[in-house]
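What follows is each chain in one-letter form.
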Amino acid sequence: MNIAIDMDWLLTHSPALIVAIPLLGAFITPLISKIGDSVRNAWAIFIVLLTSFFVFLLANDILTNGSVRTYVFGGNTALINNSFAVRILFEVDGMNAFIAIIAAVLAIAGIIYSWSFMKEHTGLDKYYTLVLLMIAGMFGMILTGDMFNFFVFIEITSIASCALIAFYTNKGKAVDAGFKYIVISSVGALFILLAIGILYSQYNALNMAVLAGNIQYTFLDKIAFGLLIGGLAMKAGIVPMHMWLPDAYGRAPSSVSIILVGTTLAGLYGALRMTFTVYGNSLLTATTNKGDIPLYSIIGAIIVSLAIVTILIGVLMALKESDFKRMIGFAAVGEIGYMILAVGAALLALGTTYGDKALTGGIFHIINDALDVGLLFLVAGAVYYVTKETSLNKLGGLARHMKYTTVFFVIGLFAVSGMPPLNGFASKLLIYQSTYQVNPILAIVAILCSILLLAAFVKVFHSAFLGPKISKFEGAREVPKSMLIAMGFIACFIIFFGLFPNIVINSIIEPAKDAILNYTSYIGGIIP
Amino acid sequence: MISPEFLYSLLETLRTGSGVWNPISWIIVFVVAFLVVYIVRGFGKEDSQVKGEKAKVFLSGNPELEKEKMHVGGSNLYWGFTDMLSWVYRGLDKMHNGNVSDYIFWFVIVLGIFFILLGVL
Numbered sequence: 010m011n012i013a014i015d016m017d018w019l020l021t022h023s024p025a026l027i028v029a030i031p032l033l034g035a036f037i038t039p040l041i042s043k044i045g046d047s048v049r050n051a052w053a054i055f056i057v058l059l060t061s062f063f064v065f066l067l068a069n070d071i072l073t074n075g076s077v078r079t080y081v082f083g084g085n086t087a088l089i090n091n092s093f094a095v096r097i098l099f100e101v102d103g104m105n106a107f108i109a110i111i112a113a114v115l116a117i118a119g120i121i122y123s124w125s126f127m128k129e130h131t132g133l134d135k136y137y138t139l140v141l142l143m144i145a146g147m148f149g150m151i152l153t154g155d156m157f158n159f160f161v162f163i164e165i166t167s168i169a170s171c172a173l174i175a176f177y178t179n180k181g182k183a184v185d186a187g188f189k190y191i192v193i194s195s196v197g198a199l200f201i202l203l204a205i206g207i208l209y210s211q212y213n214a215l216n217m218a219v220l221a222g223n224i225q226y227t228f229l230d231k232i233a234f235g236l237l238i239g240g241l242a243m244k245a246g247i248v249p250m251h252m253w254l255p256d257a258y259g260r261a262p263s264s265v266s267i268i269l270v271g272t273t274l275a276g277l278y279g280a281l282r283m284t285f286t287v288y289g290n291s292l293l294t295a296t297t298n299k300g301d302i303p304l305y306s307i308i309g310a311i312i313v314s315l316a317i318v319t320i321l322i323g324v325l326m327a328l329k330e331s332d333f334k335r336m337i338g339f340a341a342v343g344e345i346g347y348m349i350l351a352v353g354a355a356l357l358a359l360g361t362t363y364g365d366k367a368l369t370g371g372i373f374h375i376i377n378d379a380l381d382v383g384l385l386f387l388v389a390g391a392v393y394y395v396t397k398e399t400s401l402n403k404l405g406g407l408a409r410h411m412k413y414t415t416v417f418f419v420i421g422l423f424a425v426s427g428m429p430p431l432n433g434f435a436s437k438l439l440i441y442q443s444t445y446q447v448n449p450i451l452a453i454v455a456i457l458c459s460i461l462l463l464a465a466f467v468k469v470f471h472s473a474f475l476g477p478k479i480s481k482f483e484g485a486r487e488v489p490k491s492m493l494i495a496m497g498f499i500a501c502f503i504i505f506f507g508l509f510p511n512i513v514i515n516s517i518i519e520p521a522k523d524a525i526l527n528y529t530s531y532i533g534g535i536i537p
Numbered sequence: 006m007i008s009p010e011f012l013y014s015l016l017e018t019l020r021t022g023s024g025v026w027n028p029i030s031w032i033i034v035f036v037v038a039f040l041v042v043y044i045v046r047g048f049g050k051e052d053s054q055v056k057g058e059k060a061k062v063f064l065s066g067n068p069e070l071e072k073e074k075m076h077v078g079g080s081n082l083y084w085g086f087t088d089m090l091s092w093v094y095r096g097l098d099k100m101h102n103g104n105v106s107d108y109i110f111w112f113v114i115v116l117g118i119f120f121i122l123l124g125v126l
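Chains as they are written, first to last, in this note's numbering: chain A, 10 to 537; chain B, 6 to 126.
No lab work stands behind these hints, which were simulated from the structure alone. Any given hint could turn out to be false.
Stated by the list, open to error - The list that follows gives simulated cross-link-like pairs (lysine-lysine, DSSO-like), each with its CA atoms no further than 27 angstroms apart:
| hint | chain 1 | residue 1 | chain 2 | residue 2 |
| --- | --- | --- | --- | --- |
| 1 | A | Lys397 | A | Lys329 |
| 2 | B | Lys74 | A | Lys329 |
| 3 | B | Lys59 | A | Lys403 |
| 4 | B | Lys72 | A | Lys478 |
| 5 | A | Lys43 | A | Lys135 |
| 6 | A | Lys478 | A | Lys412 |
| 7 | A | Lys182 | A | Lys412 |
| 8 | A | Lys412 | A | Lys397 |
| 9 | B | Lys72 | A | Lys412 |
| 10 | B | Lys72 | B | Lys61 |
| 11 | B | Lys59 | A | Lys478 |
| 12 | A | Lys478 | A | Lys397 |
| 13 | B | Lys74 | B | Lys59 |
| 14 | B | Lys99 | A | Lys329 |
| 15 | A | Lys478 | B | Lys56 |
| 16 | B | Lys74 | A | Lys481 |
| 17 | A | Lys412 | B | Lys74 |
| 18 | A | Lys490 | A | Lys412 |
| 19 | A | Lys128 | A | Lys182 |
| 20 | A | Lys182 | B | Lys99 |
| 21 | B | Lys74 | A | Lys478 |
| 22 | A | Lys180 | B | Lys99 |
| 23 | A | Lys481 | A | Lys412 |
| 24 | A | Lys128 | A | Lys403 |
| 25 | A | Lys490 | A | Lys135 |
| 26 | A | Lys403 | B | Lys74 |
| 27 | A | Lys403 | A | Lys478 |
| 28 | B | Lys72 | B | Lys56 |
| 29 | A | Lys397 | A | Lys128 |
| 30 | B | Lys72 | A | Lys481 |
| 31 | B | Lys99 | A | Lys403 |
| 32 | B | Lys72 | A | Lys397 |
| 33 | B | Lys56 | A | Lys397 |
| 34 | A | Lys329 | B | Lys72 |
| 35 | A | Lys481 | A | Lys128 |
| 36 | A | Lys412 | A | Lys128 |
Same shape as in the complex, but just chain B (with noise of 0.2 angstroms):
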């Protein structure tokens, strides 16, 4: 038997100190907002679609090539921040270069700046 405390609890606000989060509402407004769209959304033209010509895919004037090739794969997708930010990334591929002996050297680095904190400190 689910007790009404249980229920309660259910229903309960998380507070965070200086805020309040309760998924249940969240969810509730979530779905409100939904209806209202889908409700909006059925007030369109249902021959409101884009045809022939328009309807086209743009490619700065370059053929369009099949649909296959036309998929951005895992690397191109975030090409101008990882370019933008390149100067970082050549350090961190320094970092992450596959050998175990500078994995062991970070690690007695790290050490190294333990022992001085807590000795100077």
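Isolated chain A, as found in the complex (with noise of 0.2 angstroms):
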């Protein structure tokens, strides 16, 4: 036997099989778990880093040879009679692999840091079942090419998610979250599928590169178009459909929040991905009614628009907020709009240098936003197991008996301020850069709230990790190894990203950005 060829079937199945071994895994979980907890919670690592090998395997050779990877379910050829797109498939480019690299480096930490961070909790074999649910549900969403496939997998991720929020059942905030989050959820998924709907009515056609071939822009075509994006916004969190996320991310396990953090990414990649590709072709080609003004331009504009709400609002709430875990949920909310902000700051300048640059630092914000919110997200449930307290009003003197939780806060503090030398800085100097290109006050604004978000980390370092030792902390200790291990995972991460920001760029975030802009290559991948 070969082992090269093996690889090669591994490589060619990969797409299915980073769907198939979380969701196979989820179902035999409970199975395990009668055999006993720690071996429960080592077959969930074992799920979860082998899906993640997958994952690795995947975007290597994507991101290596600027390739596209189609899987078809049920066949060989995603066509019928050389016209007629009714198999289910999945189609892996550059940006299909780079957000599969996030969420497979937030799940590894995610379940890394459950061992400890769950022992104390009953109920385990589910919540287990359910957090490999919502990673399957996320790479569903990340890698399927078909239009209600992706609908199937926002549910799987909603319904997942909903329950794990809603985890500490006996607390009322938790529950309350959980039925905010699946409501929300529920409501923009069904105007996706109602859009989805849409388009099945005129193309005949469910598959997204078919219908990126033949979208004409019609009248439905518009309102179609509407409904995804404002159903996809508001799982991505931009104001002011974002109230869901702070409520949600500060209710959750932390082990939670961080995973919570890839599904809403996943929700960014989804617009991302109707907007330049399934509609990519009208966008990036049509004027509006009134004449000769780009119609890029126009949702650019609108784009930019909604980013420097966001990052007002959530900066602004962040600065007040006094629940640790709701802060982070606000700061979150800020840094999507800085990545929104590149996009479409991006699309207004399109074709020049300061556009692309735009775009590549709003791509390589995306991975650090998840690292750098993941990272806190992590200290912030730290402080909670140590503490049993979220509220920075509570808390104080941590950095006392919390040595090296203190100093992975101090990384994240620094990395989502974008300070320097660490990764967040090089994103956000890219943004910076380029949106002044388009309009000072952009970037005025930009850095203004990067300010405020250094000023409420550091009242968040202030207020808990500062000052003398309280007495009803006096018995606090370092948080168990499996929690050090995940947050220094994630830490590496963010100080590789700082210090090589060329190699990530060059790696990842170039191929990504390709794929982004060409569509044509994405519906290469199924029309010949």
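Both chains come to you apart, so use the hints to assemble them.
Okay, structure coming up:
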């Protein structure tokens, strides 16, 4: 048996395996739980590591070769009789691979962190089942090339996420946050389903590439576009549809919050895929009804407006918030604003060097935000694990007891605030300098809000970690090793990405950007 | 075996279109600056620490509380800033009222704006 052939086989089937492994793993977890708690925890980690292995294998192939990989279920070709695209398929290009890497890193950290963080709780067979289901749904959203399949995976992710957000069923606020999340997710998903129905009724296809090749941007297409972007913007937590996000992030266990960051970014990925690929041909070539203004400029201006409001409201609310985890939730909203600011600026300056740099910065910031916010959620979880407290008014002096956690918090603080030399600075610098070319006011607001974000996290550092010893935390000790390993795992990425941004940009950001801009290569993956 | 190309790529400068950023250079400058400060600090007098009455905390004439009670909590840290922007925060608090019906209301408003813009333009 030739190992090289086996690797090829694995690579060919990896898109399906990335979803199938956590999905099957989830349903076997309750049975494994009967053997013992440690076996169950090890099983969940094994499943996530195995899934991540396939993610990295697939991503390495796609990012190195710049190829598009298609995996058709139930047949060898996507089209029947060279025209009818009925088969479900996964289509993976540089952008899918990039988002899948983020999801894999967050899932690994979340599942390792869970080992100690959740050990005091009951119902962990259900917890691990739901976490693996959420991971399967998230990868499905990222990899699928079929619109209806995309909706199904949104629903799988939403249901699993809702149950996990409300995992602390003894706390009313957690159940309340879970309820809000499922209402918001269901409404958003139903609007997405309505949009898919509109597109199917016109083009007789659900395949993203086939739709992208045929879409005419009719009146009905415009309605479908509004519904799709509205629904996905709500999933991504863009203001003013963000209110569920601090509730959900704040009340979920921290090990879940970090994976929820991945599902939110999967929603953002969906919005990018719809805008740049499914509607790419129409939006990048059409002009407005009024004359010669390109449509992409108008869409860019709308996105920039939403981005500025998102950044301002996210950061201002973070500055005022006194609950540690909700504060990170608001900061995450602000960070999403930076990503879409870059995307909007890229559309406004499409075809120019700084438009190109803006998109590079925006895509780079997606992975940086996931790592930075993810690390801060893990730190908040560590603080809660030791003190059973998340209110910044009641915490204090924890640096005396939790030295490693404090170091990880400082790394997260500097990274998320865009302080050199960490990763947030590199991506934000690209965003500041490119948006300055579009309009200096945009860059000024972005820089000002970064300073306010730094102030917000300095507040956390002062009130939770600095100050005199608090008598009720006298017995506080550093968190167990699995939690430190998870935090250290994310912190290593943050430091590496900060010190060597060019390596990251050249190896994973540029292929993702090319995939987003060259929608024809995505269409070419299905239609010869 | 680490190739020279890989080592060179570690030292590459990020070009932003209108500027450059090299973290390694920044760290070298930072370390040198730190060493200079550390050396200058070494010239200071060892017995320069303030002691006695001058070392006591002055709180506008109020008595100093025990240390644990002196810790400023998260809500009070930027009181001046948030108070100055209270008119903004009143609006934001109304927006974040925790009512899921209002969350959906905002979604409907945004959809309405999208439809108007996409229809008109």
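Verification of the hints:
Among the hinted pairs, lysine 397 of chain A with lysine 329 of chain A is consistent with the structure: their alpha-carbon atoms are about 22 angstroms apart, no more than 27 angstroms. Between the alpha carbons of lysine 74 of chain B and lysine 329 of chain A the distance comes to roughly 22 angstroms, so the proposed pair stays at or under 27 angstroms and holds. Taking the CA atoms of lysine 59 of chain B and lysine 403 of chain A, the gap is about 31 angstroms. The hint is violated against a cut of 27 angstroms. Pair hint lysine 72 of chain B plus lysine 478 of chain A holds up; C-alpha atoms about 8 angstroms apart against a cutoff of 27 angstroms.
Distance check on the hinted pair: lysine 43 of chain A and lysine 135 of chain A sit about 12 angstroms apart at the alpha-carbon level, within 27 angstroms; holds. Simply put, lysine 478 of chain A and lysine 412 of chain A have alpha-carbon atoms about 14 angstroms apart, close enough for the 27 angstroms limit, and the pair holds. Note on lysine 182 of chain A and lysine 412 of chain A: the hinted pairing is violated, with a Cα-Cα distance of about 31 angstroms set against a maximum of 27 angstroms. A distance of roughly 18 angstroms separates the Cα atoms of lysine 412 of chain A and lysine 397 of chain A; the hinted pair therefore holds under the 27 angstroms criterion.
For a cut-off of 27 angstroms, the pair hint linking lysine 72 of chain B to lysine 412 of chain A stands: about 21 angstroms separates their Cα positions. Simply put, lysine 72 of chain B and lysine 61 of chain B have alpha-carbon atoms about 13 angstroms apart, close enough for the 27 angstroms limit, and the pair holds. Straight-line distance between C-alpha atoms of lysine 59 of chain B and lysine 478 of chain A comes to about 24 angstroms, which keeps the hinted pair within the 27 angstroms bound. Of the supplied pair hints, the one linking lysine 478 of chain A and lysine 397 of chain A holds, its CA atoms being roughly 16 angstroms apart against a limit of 27 angstroms.
About 22 angstroms separates the Cα atoms of lysine 74 of chain B and lysine 59 of chain B, which keeps this hinted pair within 27 angstroms; it holds. Proposed proximity of lysine 99 of chain B and lysine 329 of chain A is supported: the alpha carbons are some 14 angstroms apart, at most 27 angstroms. For the hint pairing lysine 478 of chain A with lysine 56 of chain B, the CA-to-CA distance comes to about 23 angstroms; that is within 27 angstroms, so the pair holds. Between lysine 74 of chain B and lysine 481 of chain A, the direct Cα distance comes to roughly 13 angstroms. Compliance with the 27 angstroms bound is thereby established for this hinted pair.
Distance hint between lysine 412 of chain A and lysine 74 of chain B is fulfilled; the C-alpha atoms sit about 23 angstroms from each other, no more than 27 angstroms. Taking the CA atoms of lysine 490 of chain A and lysine 412 of chain A, the gap is near 13 angstroms; set against the 27 angstroms cutoff, the hint holds. With a C-alpha separation of about 22 angstroms, the suggested pair lysine 128 of chain A and lysine 182 of chain A falls inside the 27 angstroms cut-off, and the hint holds. Taken as a hint, the lysine 182 of chain A and lysine 99 of chain B pair is honoured in the structure, with Cα atoms around 19 angstroms apart against an allowance of 27 angstroms.
A threshold of 27 angstroms between alpha carbons decides the hint, and for lysine 74 of chain B with lysine 478 of chain A the separation of about 10 angstroms falls inside it, so the pair holds. Proximity of lysine 180 of chain A to lysine 99 of chain B is assessed by CA-CA distance (about 24 angstroms); at most 27 angstroms being required, the pair is judged to hold. Among the hinted pairs, lysine 481 of chain A with lysine 412 of chain A is consistent with the structure: their alpha-carbon atoms are about 18 angstroms apart, no more than 27 angstroms. With a C-alpha separation of about 25 angstroms, the suggested pair lysine 128 of chain A and lysine 403 of chain A falls inside the 27 angstroms cut-off, and the hint holds.
Using a Cα cut-off of 27 angstroms, the hinted pair lysine 490 of chain A and lysine 135 of chain A holds, with the two alpha carbons roughly 24 angstroms apart. With a CA separation close to 11 angstroms, the supplied pair lysine 403 of chain A and lysine 74 of chain B stays within the 27 angstroms bound. In summary, the hint linking lysine 403 of chain A to lysine 478 of chain A is supported, as the alpha carbons are separated by about 12 angstroms, within the 27 angstroms threshold. Straight-line distance between C-alpha atoms of lysine 72 of chain B and lysine 56 of chain B comes to about 19 angstroms, which keeps the hinted pair within the 27 angstroms bound.
Distance restraint check for lysine 397 of chain A and lysine 128 of chain A: the Cα-Cα separation of roughly 14 angstroms lies within the 27 angstroms cut-off, and the hinted pair is therefore satisfied. This hinted pair checks out: lysine 72 of chain B and lysine 481 of chain A have alpha carbons roughly 14 angstroms apart, not beyond 27 angstroms. Of the pairs offered as hints, the one joining lysine 99 of chain B and lysine 403 of chain A holds, with about 26 angstroms between alpha carbons and a cut-off of 27 angstroms not exceeded. At roughly 22 angstroms between alpha-carbon atoms, lysine 72 of chain B and lysine 397 of chain A fall within 27 angstroms of each other, so this suggested pair holds.
Taking the CA atoms of lysine 56 of chain B and lysine 397 of chain A, the gap is about 39 angstroms. The hint is violated against a cut of 27 angstroms. Straight-line distance between C-alpha atoms of lysine 329 of chain A and lysine 72 of chain B comes to about 25 angstroms, which keeps the hinted pair within the 27 angstroms bound. This hinted pair checks out: lysine 481 of chain A and lysine 128 of chain A have alpha carbons roughly 23 angstroms apart, not beyond 27 angstroms. Only pairs whose Cα atoms come within 27 angstroms are accepted, and lysine 412 of chain A paired with lysine 128 of chain A is accepted, the gap being roughly 22 angstroms.
This entry does not satisfy hints 3, 7, 33, going by the numbered hints stated previously.
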